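Per the UniProt record's numbering: the sequence shown = residues 1 to 404.
Any given hint could turn out to be false.
[Said to hold, decoys possible] Once the Cα atoms are required to be at most 30 Å apart in a straight line, the calculated DSS-like pairs of lysine-lysine come out as:
hint, residue 1, residue 2
1, Lys259, Lys321
2, Lys67, Lys144
3, Lys270, Lys260
[What the hints assert, rightly or not] What follows is a list of derived Cβ distance ranges for each label pair:
hint, residue 1, residue 2, range
4, Thr246, Glu146, 21 to 27 Å
5, Lys386, Asp129, 46 to 52 Å
6, Glu53, Pro227, 53 to 59 Å
7, Asp129, Ser105, 37 to 43 Å
No lab work stands behind these hints, which were simulated from the structure alone. What you are looking at is a predicted structure, and each value in this text was computed from that prediction instead of being measured. Cβ coordinates follow ideal geometry from the N, Cα and C atoms, glycine included.
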Amino acid sequence: MPEPLELPEGWEKVTDDGHLIKKIEKEGTGFSTPKTNAKVEVHYTGRLVSNGEQFDSSRDRDRFTFKIGCGQVIKGWDVGVKTMKRGERATFRMTSDYGYGEAGSGAKIPGGAALEFDVELFDWSSKEDISGGKKEIMKEEISKGEGYKKPSDCTKVAIAMKVLHDERLVEEFTEDNPLRFTVGEEAVLSGIEKAVRSMAPKEHATFDISPNYAYGSEGCTEKEIPPNATLQYEIKLLEMEKERETYEMNTAEKLEYAKKKKEEGNSFFKAGKINVACKRYELGLNAVKYASDWEDKEKEEAKDLEVFLNLNIAASKSKLKDWKEACKHADNALKQRPNNIKALYRKGIALSGLDDWNEAKQVFNKGLEIDPENKDIKRELTRLEKKIKLQNEKDRKMYQRMFQ
1 MPEPLELPEG WEKVTDDGHL IKKIEKEGTG FSTPKTNAKV EVHYTGRLVS
51 NGEQFDSSRD RDRFTFKIGC GQVIKGWDVG VKTMKRGERA TFRMTSDYGY
101 GEAGSGAKIP GGAALEFDVE LFDWSSKEDI SGGKKEIMKE EISKGEGYKK
151 PSDCTKVAIA MKVLHDERLV EEFTEDNPLR FTVGEEAVLS GIEKAVRSMA
201 PKEHATFDIS PNYAYGSEGC TEKEIPPNAT LQYEIKLLEM EKERETYEMN
251 TAEKLEYAKK KKEEGNSFFK AGKINVACKR YELGLNAVKY ASDWEDKEKE
301 EAKDLEVFLN LNIAASKSKL KDWKEACKHA DNALKQRPNN IKALYRKGIA
351 LSGLDDWNEA KQVFNKGLEI DPENKDIKRE LTRLEKKIKL QNEKDRKMYQ
401 RMFQ
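Produce the complete structure using the sequences and hints provided.
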């Protein structure tokens with residue numbers, strides 16, 4: 001076994017055994033370094049440590065590429081290049097057990113030779129697209145997390161985070177002073193939410209986030225971020241507190257959970273966060289919609305909650321102009337309570353949005369049969385009749401022109 005290498009001033013150990021050492025000649029950029037299976041692109045020059053004689057160089061050829069940790073290069077390269085950042089240039093020295101061993105290589109590298117390599121790392125590719133194929137959020141893992149569970153709606157998280165734009169530090173949250181938020185509440189940029197949803201606890205990763213998931217075409221004057229800026233994030237998921245799954249709850253707990261989600265949804269609805277509100281209502285609905293084997297009293301309470309939650313989802317979907325979904329959830333409420341005025345009102349609104357005016361009119365009229373003085377339905381019916389009248393007038397004029 002070779003002796004450890006001498007460690008001159010300015011050099012550092014890469015391996016504990018002292019058989020691979022490194023001196024940074026030019027600092028790299030960013031946070032990350034290539035991981036196993038990353039395809040790296042480098043230039044290099046190789047010399048013998050004993051006499052400084054050059055035995056190989058890529059600098060008069062094309063850049064050299066290889067995959068880290070796949071046995072395509074000597075051990076010293078697999079281990080050493082993993083420590084480098086983009087744009088870094090470094091000199092590595094290694095004993096023969098990290099090079100070509102006792103056999104050497106060809107006429108230029110004798111057996112047992114210690115080697116020195118001047119390596120410049122240009123780039124590598126090991127990023128994962130987490131934006132559904134749009135390549136607008138590209139993730140690169142720095143270190144693995146623990147377990148398989150990841151944050152979802154209502155999960156409370158704490159993260160350490162650095163944000164860079166063109167190598168300038170824009171914002172930082174440390175492990176001692178982390179950023180805390182609840183996933184799914186639109187409390188942070190959508191790109192940060194998507195990034196965190198992809199992580200396991202204690203995972204450490206970098207993300208390139210496009211303007212569509214960051215500050216868009218307006219940028220952020222306060223943080224000196226220009227319009228249409230792609231940002232680099234380094235995120236570590238420090239803490240994750242998920243809600244209990246409904247399958248872990250008993251009947252009473254499911255009912256309480258549904259009530260809680262209804263109230264949370266109402267608060268978000270009032271605050272104008274309609275998507276968030278809708279998701280809360282859906283979580284509550286999923287907790288109580290399979291109540292067929294519950295006791296009668298609990299089953300009736302679940303039915304009432306199911307009606308309320310379907311109505312609230314219908315209202316949310318109408319706000320978002322998702323008329324089909326609004327109509328579906330109004331119908332779901334009507335299955336439980338066929339004469340529910342609010343359900344008829346919501347269905348009429350949705351049908352009107354779908355331009356199914358005649359059906360909408362029938363639904364509104366049914367509502368007035370049950371509650372003749374209902375002001376909301378009267379108002380919408382008046383509006384609808386005006387629409388129908390205007391459309392009939394347009395159609396009449398068009399037919400007149402056709403047959404002139």
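Each hint tested on the structure:
1. At most 30 Å may separate the alpha-carbon atoms for a hinted pair to count; Lys259 and Lys321 meet this at roughly 26 Å.
2. Note on Lys67 and Lys144: the hinted pairing holds, with a Cα-Cα distance of about 19 Å set against a maximum of 30 Å.
3. This hinted pair checks out: Lys270 and Lys260 have alpha carbons roughly 16 Å apart, not beyond 30 Å.
4. Checked against the hint of 21 to 27 Å, the pair Thr246 and Glu146 passes, with Cβ atoms roughly 24 Å apart.
5. At about 49 Å, the beta-carbon gap between Lys386 and Asp129 stays in the expected band of 46 to 52 Å.
6. Distance hint for Glu53 and Pro227: a CB-CB separation of about 54 Å, consistent with the stated range 53 to 59 Å.
7. For the hinted restraint 37 to 43 Å between Asp129 and Ser105, the CB-CB distance of approximately 39 Å keeps it satisfied.
In this structure, none of the earlier numbered hints is contradicted; all agree with it.
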